[in-house]
Amino acid sequence: MKNAFIISVFFALLCLQSCSIKDQVAAEAKRLDSVSIILNSKLQELNKCDTALLERATTKFTNYSTFIENNITDTITKEEANSLQQFYQSGKNLKAFSVNYKSLRSRTSLVSDQIKKLQSDVEKGSISKKISCPILKMKLAQHRN
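Position in the sequence shown counted from 1, then plus 32, gives you the working numbering.
Between beta-carbon pairs, the in silico distance windows are: (1) GLN117 x ASP82: 19 to 29 Å; (2) ASN103 x SER73: 43 to 53 Å; (3) ALA128 x ILE108: 17 to 27 Å; (4) THR91 x ARG63: 42 to 52 Å; (5) ALA58 x SER122: 45 to 55 Å; (6) ALA61 x SER122: 39 to 49 Å; (7) ASP106 x LYS80: 35 to 45 Å; (8) ASN103 x LYS134: 28 to 38 Å; (9) LEU85 x SER158: 40 to 50 Å; (10) LEU78 x ALA113: 27 to 37 Å; (11) ARG137 x THR91: 15 to 25 Å.
30 Å max Cα-Cα, derived BS3-like pairs, lysine-lysine: (12) LYS134 x LYS92; (13) LYS124 x LYS74; (14) LYS92 x LYS74; (15) LYS92 x LYS110; (16) LYS80 x LYS62.
Simulated from the structure, these hints should not be mistaken for laboratory data. All figures in this text were calculated on a predicted structure; none of them were measured in a lab. Glycine is no exception: its CB is placed at the ideal position from the N, C-alpha and C atoms.
Input sequences plus hints: build the corresponding full structure.
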């Protein structure tokens, strides 16, 4: 009688544990789905960037800065100097964005694909929670950098 009770308690705990694991897998899949949706929306925002306009703005900046360097040889007022400083900083930001734009798009696409593969692995049960959570955190940290 005592053994039957122990065995029935063991099976009950085993059933509860399997339900708990299924719930954890479902929660992980849901979390990965949320991250994937957010990442895809950010990728769509990034894809909205008008690269032709960016290229024209960068070209204009280069032309104007060359003109300024070739034609301003006298002393200028403080306000003009501040305006020039803002102009050069804006151009520097344009160039930096232009350089990083392609890299950012490809990295975002790569991370999105990796999240989809991780989702598939979690849903199939190929990967445990102990492994997937640190992987997800690492991938998100890489994407933020």
